[in-house]
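Asker: As a plain string of letters, each chain reads:
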Amino acid sequence: MSLVAAGLSKEYPTRAGPLPVLRNVDLTLARGDALAVTGPSGSGKSTLLHLLGTLDRPTAGRVTLDGTDPFALPEADLAAFRNRRVGFVFQDHHLLPQCSVLENVLVPTLVSRDTTPADAEAYARQLLDRVGLAGRLDHRPAELSGGERQRVAVARALVLKPVLLLADEPTGNLDRKNAAAVGELLLGLHRQENTVLVVVTHSADLARMFPRRAEVNDGTLVTA
Amino acid sequence: MLTPTRLVLRNLRYHRRGNLAVLLGVAVGSAVLTGALLVGDSLRGSLRARAERQLAGVAAAAVFPRPVRADLADGLPGDPAPVLLLPGSVRAVAADPATAPHLGRVTVLGVDRRFAPAADGVNWDGTAKVVVLSGRVADKLGVGAGGTVRLGVERFSDIPRSSALARRGADDVTAAAEFTVAAVLPAADPKADFQLAPNPAAPLNVFVPLRALSDLVRPRDPDGLKRRDDTVRVNALLAAGGQTAALNDALRQRLRPEDYGLKFRDVERREPRGANQYLSVESDGLVLAPAAAAAVKAAAKGLGLEAEPTVVYVADSLSYEGKEIPYPVVAGLNPAARLPLGPFLPPKLSALENGEVVLLDWVGSELKGLPDRTKLRLTYFDPEVEGEGRLKSAELTLRAPDGYLPLSGPARDPNLTPEIRGVTDARADFYKLDLPPVLPKEKVRQRVPDKMADGKPHPRGTFFNQLNKATPMAYVNLATAEKLFGSRYGAVTSVRVAPAPGATTEQTAERLRAALPKHLDPEAAGLAFDPVRDRLLSASRGGTDFGGLFLGFSFFLIAAALMLVGLLFRLTLDRRAKEVGLLLAAGFSVRQVRRVLLAEGLLVAVVGALLGLALAIGYNRLLLAVLLTLWPDPEVANVLRPHADPLSFAVGFGLTVLMSLAALWLSVRGLVRLSPPSLLRGETESPATGTAAAGRVSRLLVIGCVPLGLALVVAGRFVANPDFRAMTFFAGGGLLLTAGLALLWRRMRRARTGVVRGRGPAALAALGGRNAARNPTRSLLTAALLAAAAFLLVAVESFRRQPGGDFGAKTGGSGGFDLIAETDLPVFNPLDTAPGRTDLGGSASGLAGAEVFSLRLRGGDDASCMNLFQAARPRVLGVPDALIDRGGFAFYATAATTPEEKANPWLLLRAGEPGGPIPVFCEQNTAQWMLKKAVGDTLTMLADDGSELTLRIVGTFADSPFQGELVMAEGSFARAFPNTGGYRVFLVRSPPGQEAAVARALSLGLRENGVVVTTTREKVAAYQAVIGAYLTTFQVLGGLGLLLGVLGLAVVVLRGVWERVGELALLRAVGYRPGQLQFLVLAENALLLAAGLGIGVAAALVSVAPHVVAGADVPWGRLAATLGLVLVVGLGVASAATAGILRVPLIPALRRE
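If you read the sequences in order, they're chains B and V.
For the first sequence, my numbering assigns the number 423 to the initial residue and increments by one for each residue that follows.
For the second sequence, my numbering assigns the number 1287 to the initial residue and increments by one for each residue that follows.
Just so you know, not all the hints are guaranteed correct.
[As the list claims (entries may be wrong)] Taking lysine-lysine pairs in the DSSO-like style, the calculated list, with each CA pair at most 30 Å apart, reads: (1) V:K1864 / B:K599; (2) V:K1609 / V:K1661; (3) V:K1864 / B:K583; (4) V:K1661 / V:K1769; (5) V:K1549 / V:K1583; (6) V:K1804 / V:K1609.
[To be verified] A short list of chain V residues far from chain B (calculated; beta carbon distances all over 10 Å): (7) P1290; (8) H1301; (9) V1349; (10) P1489; (11) A1714; (12) E1865; (13) A1872; (14) G1873; (15) D1919; (16) P1962; (17) R1982; (18) A2017; (19) G2128; (20) G2201; (21) A2369.
If you're looking for bench data, these hints aren't it; they were derived computationally from the structure.
Every residue gets a Cβ at the ideal spot worked out from N, C-alpha and C, and that includes glycine.
When you get a sec, could you build the whole thing from the sequences and use the hints?
Answerer: Okay, here's the thing in structure tokens:
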């Protein structure tokens, strides 16, 4: 049971011709593995994360998660796969301003068939309790600090108990203290939920917290 | 608990501002769409209400071609009212008749209590000369109760006015008398609006007691003859209820042969004794209609009786080598018939062949003693020609093997000639006859002097006055007589029936009366009820589908509203790109995201569409107000009222929601196609919009749409069906618009690849262009909004017409005629003839030097655009050969093929094949919009005998005064409508500078005929004012579309500026002055404005080019001014939008970036 990326490449079309961003990346992670991916801006870190999370399709290579190739699925099944198996945390928390904290966490459950609404809400409350926001369930994102918003985003990513938890610069907009807290939270929850965690970051401090680290340089993944 | 529904509701609330804008856009679309449908409802509803009102409770009406006894109404189901319904004129009685207010086109209704208007103190069953005026008539005449008016109406005639023997002097044709005004009907009284014809124009009604009017219009009594009877006669029965079929069944039962115009005359000759009686069945119209003659013959045959059709005709002369019998009466019959119906053969002759004649042997005949087979010359008046008459001649072979036919026995029978009061009766005097053109007094006295050189009267006069009266002097067989004297009315003047052996003529008449009804067809004779209410309600659906028309012209406005909806929704969505990205990242499928967004959109669309329904009511009122303000006939304003059909609301609502959803779906589709990472970065345009694939699509659009659009535009010129032609115009225009917008798209794409360099305004403008191309979808939608509106504006303006500069020329719209006159009562002598001028009395001198053509008119529904009702029975004009030969007038299209027809398309009117469709002309707009026909198409209408006529349109006039009618050759007219005699329309070309004098002369000379004289220019201008009213209304729609376009532009500008607040702040930080920034944004929007307007104008100009080439007078200056104004307003909006941004503090704006 693991995440396997084999020969992943990604090119973007431009007027000057195809622009390679990732070149022939191989990666295997098992449940419980946590990987921090670092690298300079524009090196392809986020692209790798988007490919692993099925937000984008590779130009070449394949990704399997627990033996399933999500890109072989039809569009609707691919969305369901992502909904069920993958959790995302972004640098910009992307909380819905019109929804409360609890509702934001529940957003992925709206299209899930794996849980009942009551179970989903109970788990969302539990997650919010675990991220320290039990008392802010009804607050709107605008009423939260940056760190709190990111914790809501973490809870949202985990609400459907995904196998793969992906975080793209989760601490990029946070101060050192909040960044550390979010890092610990991610790793703690990762351990508790036994997920595969991949974090893309510029932060050396955050990367150091991870047992495995890799660097993307000029489109190539190099294990540290 | 968050549920998808709650999420949708949360979204709606949170994005309420954006959604409100979308909602308002949908509301505008709904209002426009539903409002257009309501215009159709209003027209139909108003006309329906008008139809109900103007019928004043009448459901079925029988309008007879000849007067019938009033008591025919008694006992019919529903107690119909007998009414005398006559066109006429009325004038106030004043000291100077020349200046007294005068009204033509008045309807004079002779009514008894059964159809009397509410007026106190009038004995409607009496004979007092009192009149009740409608308020409209009273106002126009300036007369009130107690005043006196002079009514003029057409007098009944013993024989058809078109008959050569009919009296046609002005006093014979019209009856006029003074009446005291007993009351004035209030406007609220529906009888004031009573009319049977479908026409929203207000009628001018006056009501007179039936007996009084019946007395007035009774035929003039020949001098010295006593009036025969006091029977009250009517020409219409009006039934409030009852089924038409039941009414007609009951009417058929009550009809007597006399009601068909048949007369029974017992004839008893002086000799031979014992076999000298027969029954003569004649017509009160002098000539028996072929159907009536056939019916009498069939009825007689059914009774085992011998019957002989007989033709008697007064010829001009029968001559041989300088000798003549003046005014011989010629009989056509079976010369070998047995007693008492014959024989009419001289000794030793057993039969007459065609073209053979036998002469009566009478004292004083100049043709006495001619040998057998002598060729005689018969001259006679062409029975088809009215008025002055036209002499024809024929050669007849005399048969006299052993002398002439003696003046005895059956040949000594003046009763062979039908009874004509004052002509055939015992007291008639040859020297007192005055029946022009056949027997004009002066000419009669000249040719048949009462004192010849020897002091004795002329033998012809003596023969007449010595009890022989109209005894025929020459006999031919029936076939010869029918060939010579037959006309559109028939030929047979009587059917003589021999009584059965031992029976009297009275008994024979009784049996024949009883047997005749089953052989007579009341409907073919025009003696039937018409379901007038059903017909009017059907006509109230309108000559044109106004709902469809307004919907068609609102199409671009609706499209603009929908584009605005799409634009606003897309702008709202653009702000929510990250939210969409998140949902996708969270595992929502594209479909699920789309469903959430569309659910939101649907709710907004539903509320917006509902709001639009309320606005539609106001929009409908606005359109009607614009239309009525511009409509040339102010009376229509009293008819047209807002109406609303629930179905229109349902259709408007449903279509708006559906179309809005389509617009929203397109907006959502573009966004959800983006990858989640792009959305999460806030990107709203797919990189694919700038790729080669998108470029290929836009190029294909240009390559495909331009030739296809041009082909449709060109094809439209040759498409006959007007609906298809309209479709080619709109489809062609739409394709050209699409091509233009695709070109803009390509241009924007190219702009993104270039390098902005240089400095100053040019560089800033280039940067503005780049900015416009930054959100190509948004910019394209804005340009499309403006283009659609500009297209409508220019296209509509190009269709506006005014009488052109060549209008007055012979080949112009007027045909070279400056005046057109129409009378209510026919004139029987053409005004270009001496008798016609004589009829004008003292006014004739006013017509000196004027060229006048007299046209026949068969009344019917006004088919012009002035009539909002559907013209089911259009008016028909019969034009004389002289006008056909003259040619002229401007044609829009003709079926001319030969060089002669191309040179003079009027020749086409004579080109019909016998028995085939009758060729007709009509006005182009009438053909296209009212009749929905084009050149080559056929239409049907009923002939006078009830048979169906097929007419083929062989030409359409441009700028013509003949908008309300079909035009056919007089010959075709006479065959189709034999009962319509006289001339009612006059085309006049006045001598230079004499137009007013000629018009005054016509007005005075034909006053009693109810004449209305108009200049052809005014008449055409009135029609074009109606078209102008439509066009201006449609331009209002175009203006509203432009308003939406400018609104869209403002939204795009504001949105773009606020999105780029940081960028603009940065430019300020690097040293851009406020003016430069403003110029930058203005340049960006000026480009969009110019592109949108330019594309719309160019597409419209190409689309209307065929029309412009055909002679449309496009007001280019006004058009340029309107578009210039739009440009200025658009730039003003952009300036206002950018002014606000420059007030935003610099540092926060920079931080936002």
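Asker: Confirm or reject each hint.
Answerer: Verification of the supplied hints:
no.: 1; hint: V:K1864 / B:K599; result: holds, 27 Å
no.: 2; hint: V:K1609 / V:K1661; result: holds, 13 Å
no.: 3; hint: V:K1864 / B:K583; result: holds, 23 Å
no.: 4; hint: V:K1661 / V:K1769; result: holds, 18 Å
no.: 5; hint: V:K1549 / V:K1583; result: holds, 14 Å
no.: 6; hint: V:K1804 / V:K1609; result: violated, 50 Å
no.: 7; hint: P1290; result: violated, 5 Å
no.: 8; hint: H1301; result: violated, 8 Å
no.: 9; hint: V1349; result: holds, 73 Å
no.: 10; hint: P1489; result: holds, 66 Å
no.: 11; hint: A1714; result: holds, 105 Å
no.: 12; hint: E1865; result: violated, 6 Å
no.: 13; hint: A1872; result: violated, 4 Å
no.: 14; hint: G1873; result: violated, 2 Å
no.: 15; hint: D1919; result: holds, 58 Å
no.: 16; hint: P1962; result: violated, 4 Å
no.: 17; hint: R1982; result: holds, 14 Å
no.: 18; hint: A2017; result: holds, 36 Å
no.: 19; hint: G2128; result: holds, 91 Å
no.: 20; hint: G2201; result: holds, 71 Å
no.: 21; hint: A2369; result: holds, 25 Å
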